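Student: Given chain A, put chain B in place with the hints provided.
The listed protein sequences derive, respectively, from chains A and B. One rule links them: number in the numbering used here = place in the first sequence (from 1) + 210. One rule links them: number in the numbering used here = place in the second sequence (from 1) + 210.
If you are wondering where the hints come from, they were derived from the structure by calculation, not from laboratory data. Computed from a predicted structure; not experimentally measured. Only true hints are included.
Stretches of chain B that chain A covers, calculated by requiring three or more beta carbons in the stretch to come under 8 Å of a beta carbon on chain A:
id, region
1, 249-260
2, 266-280
3, 292-301
Ideal Cβ positions, reconstructed from N, Cα and C, are used throughout, including at glycine.
2 protein chains.
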Amino acid sequence: MTDEVLKKFAQAVLRVGVNLQENQGLEIICPVDKSEVAAALTKVAYEMKAKIVRVRWECEKIDRLNYLNASAETLSEIPKWLIDSKNYLVEKGFCYVAIAAEDPSAFTGVPPEKIAAASKARGKAFKKFYESVMSNGIRWCVVSVPTKEWAQKVFPASADAEKELGEAIAKTMRLNCAEPVKEWEKHVETLETRAEFLNSHDFAALRFTSGNGTDFTVGLCDGHKWLSARETAKDGLPFVANMPTEEVFTAPHKLKADGIVKSAMPLCYEGQIIDGFTLKFRKGRVVDFSAEKGYDALKHLIETDKGTKRLGEVALIGKNSPIAKSKILFYNTLFDENASCHIALGKGYPTTIYGGENLTFSERAKRGLNDSIEHVDFMIGTADTSIDGITKDGKTVPLFRNGDWVI
Amino acid sequence: MTDEVLKKFAQAVLRVGVNLQENQGLEIICPVDKSEVAAALTKVAYEMKAKIVRVRWECEKIDRLNYLNASAETLSEIPKWLIDSKNYLVEKGFCYVAIAAEDPSAFTGVPPEKIAAASKARGKAFKKFYESVMSNGIRWCVVSVPTKEWAQKVFPASADAEKELGEAIAKTMRLNCAEPVKEWEKHVETLETRAEFLNSHDFAALRFTSGNGTDFTVGLCDGHKWLSARETAKDGLPFVANMPTEEVFTAPHKLKADGIVKSAMPLCYEGQIIDGFTLKFRKGRVVDFSAEKGYDALKHLIETDKGTKRLGEVALIGKNSPIAKSKILFYNTLFDENASCHIALGKGYPTTIYGGENLTFSERAKRGLNDSIEHVDFMIGTADTSIDGITKDGKTVPLFRNGDWVI
Numbered sequence: 211m212t213d214e215v216l217k218k219f220a221q222a223v224l225r226v227g228v229n230l231q232e233n234q235g236l237e238i239i240c241p242v243d244k245s246e247v248a249a250a251l252t253k254v255a256y257e258m259k260a261k262i263v264r265v266r267w268e269c270e271k272i273d274r275l276n277y278l279n280a281s282a283e284t285l286s287e288i289p290k291w292l293i294d295s296k297n298y299l300v301e302k303g304f305c306y307v308a309i310a311a312e313d314p315s316a317f318t319g320v321p322p323e324k325i326a327a328a329s330k331a332r333g334k335a336f337k338k339f340y341e342s343v344m345s346n347g348i349r350w351c352v353v354s355v356p357t358k359e360w361a362q363k364v365f366p367a368s369a370d371a372e373k374e375l376g377e378a379i380a381k382t383m384r385l386n387c388a389e390p391v392k393e394w395e396k397h398v399e400t401l402e403t404r405a406e407f408l409n410s411h412d413f414a415a416l417r418f419t420s421g422n423g424t425d426f427t428v429g430l431c432d433g434h435k436w437l438s439a440r441e442t443a444k445d446g447l448p449f450v451a452n453m454p455t456e457e458v459f460t461a462p463h464k465l466k467a468d469g470i471v472k473s474a475m476p477l478c479y480e481g482q483i484i485d486g487f488t489l490k491f492r493k494g495r496v497v498d499f500s501a502e503k504g505y506d507a508l509k510h511l512i513e514t515d516k517g518t519k520r521l522g523e524v525a526l527i528g529k530n531s532p533i534a535k536s537k538i539l540f541y542n543t544l545f546d547e548n549a550s551c552h553i554a555l556g557k558g559y560p561t562t563i564y565g566g567e568n569l570t571f572s573e574r575a576k577r578g579l580n581d582s583i584e585h586v587d588f589m590i591g592t593a594d595t596s597i598d599g600i601t602k603d604g605k606t607v608p609l610f611r612n613g614d615w616v617i
Numbered sequence: 211m212t213d214e215v216l217k218k219f220a221q222a223v224l225r226v227g228v229n230l231q232e233n234q235g236l237e238i239i240c241p242v243d244k245s246e247v248a249a250a251l252t253k254v255a256y257e258m259k260a261k262i263v264r265v266r267w268e269c270e271k272i273d274r275l276n277y278l279n280a281s282a283e284t285l286s287e288i289p290k291w292l293i294d295s296k297n298y299l300v301e302k303g304f305c306y307v308a309i310a311a312e313d314p315s316a317f318t319g320v321p322p323e324k325i326a327a328a329s330k331a332r333g334k335a336f337k338k339f340y341e342s343v344m345s346n347g348i349r350w351c352v353v354s355v356p357t358k359e360w361a362q363k364v365f366p367a368s369a370d371a372e373k374e375l376g377e378a379i380a381k382t383m384r385l386n387c388a389e390p391v392k393e394w395e396k397h398v399e400t401l402e403t404r405a406e407f408l409n410s411h412d413f414a415a416l417r418f419t420s421g422n423g424t425d426f427t428v429g430l431c432d433g434h435k436w437l438s439a440r441e442t443a444k445d446g447l448p449f450v451a452n453m454p455t456e457e458v459f460t461a462p463h464k465l466k467a468d469g470i471v472k473s474a475m476p477l478c479y480e481g482q483i484i485d486g487f488t489l490k491f492r493k494g495r496v497v498d499f500s501a502e503k504g505y506d507a508l509k510h511l512i513e514t515d516k517g518t519k520r521l522g523e524v525a526l527i528g529k530n531s532p533i534a535k536s537k538i539l540f541y542n543t544l545f546d547e548n549a550s551c552h553i554a555l556g557k558g559y560p561t562t563i564y565g566g567e568n569l570t571f572s573e574r575a576k577r578g579l580n581d582s583i584e585h586v587d588f589m590i591g592t593a594d595t596s597i598d599g600i601t602k603d604g605k606t607v608p609l610f611r612n613g614d615w616v617i
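Next comes chain A alone, as it looks inside the complex:
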């Protein structure tokens, strides 16, 4: 990205994304080889009068060596100071920007059970923090920038894959227009109109069907709420947790999912690729599954805890979303989830049920909201997907035909 694009990127992320306030702290989670992005965000943050900027650096090269060589037991030891460093953000009223730029093949060849053990340990250790994040106790935003390894995976035949991926990302982020921040305001309003339509119907369930064999009905939580790009944090300030975002999403009922779901795109989970997979649900629970690729990783994901066998999110995206139309397979959920309807195994967002942020875990469970230490989206919408909303009195409202909105 050029300096100019990088500045627009930083402005969009800090204004629209985390909505950084004067005298607020900012944490940036950044790959070590993208320090120029952290620096661009830091500069704009101080122009917006941030109090302090902290960067949490990530390095998949080192992570890979640790995964390959340290024992699962050692990898599962999460130091208390590391847990405290996450909770610190909530306590001190920071917001955070996470730059997700994983190499989709970073952990190829690592025993999946090691990754699963470490991931589970982190999930447990950071439970309090994730609960705050998913209840909007902190304003946060996940964004992405190209890295060499990732770009080569997306554009294997390109002479300058990193540049090409950078341009694709800039497009999805609406950075090519004169005033990206204004463009985002408009976009957010369009999505909100859709969410309002869905909320007004208060559907009991959704039924997905498509030519690949998907035939799946998912019940929704009692008092579920459809959300889109913009959410409201506990402090009352709006923020956009994902950039780009094209989805409207809500909370499935953890006991109400039945039928067969076929994956529509590869899933990159913890540096491993899972592809061509099928999940069979009964009463909300995965009762059978298969995968053409990455079966072990899928198995470990599903078996992480009780909650990873059930659903925590259902999201609707038409095949004419800008990301879907780009026809690029990004191997990165932030983008790919915005190209296709998707569901998530694991924790449901308390914010997707009315008043959910202020309920106890057992009150949420009574409403049907799933809990887990994980939350993993995967894509199920195809070019011929049909979706019907089923009302509480059994009527059917067509929502999608041939992969796109009909409302």
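Tutor: Below, chain B alone, put in the same frame as chain A:
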């Protein structure tokens, strides 16, 4: 550095430097743009059966933006989790490698009082950790690798400054020979012979004179011990805390330094350059000082606390040391301190008085050992420096003539 040199580097640092043991944890402190060095160290660490490797990333670009924009008060807030993350290393028996590759001009233009405030806050916050480090409660090693900014400062006229600096560092690290680890063993023994000679005389004081106006007598601690490259950690295992190292060093008495000391080389302190400076000592204390460049930074250093007005180390290096002979000004204390005799303002090493590790602070003070939250070396040896050892019965033993050893 080529992959082969990098591997030799990692082997020398982990075997000779920190003496990494099987099933021990390793922390690497590494600039974000040197992840290949952290990866090389990590690989060799696991070949040596390390338990786990953690990397603490540093980024001067972000530090600079924080220094420029955050308030001194905010910069002085050190989170408890960060303090805990340092103490964790000692508690869990880690060793650590610090890669010092600062850009000598990283913080040019930053108000020195901000840097001083932050540095003082860190010194206080990490006091327990630094005490462990300086009492050899942990095995540690400071090493260096070239960075672009630093290399350009050292070789401003070079077409490939980074490569040139890499080669210079490799030479000082003895990486060009077939078996660097063996070469280091020999070198360490030579330095130990010198330390033994000095210990056998148990000098009361040293007198430094040189043509630039230095005329300075420094008393030594009661029961001081001359050390060199190899030290012994509290767990009984040897380690080498600096690579390269050419010095033999001991503890000056904090109340016994008198006369004028002229700096022999520029000092790079917290990203600022202090040059052409003079310190006047009376009864161990700096009573006057001047500097041709970086006066404010020097002032802030000296005024950090009570201990930064007094001395914590005196080290002897001949002008024919390989680093001195290279005639390269590295703008990095790790190298430059090995080109010239030096003294340090600030904390004395408890290990440089016999039994010092097990004494209380007041017992150490009675022996004359200085305490502070800082320890900053600066170079005073010139090509014509003379040094005499003064014995307890007032006899004079010539140690240096014309800048080099005569023993």
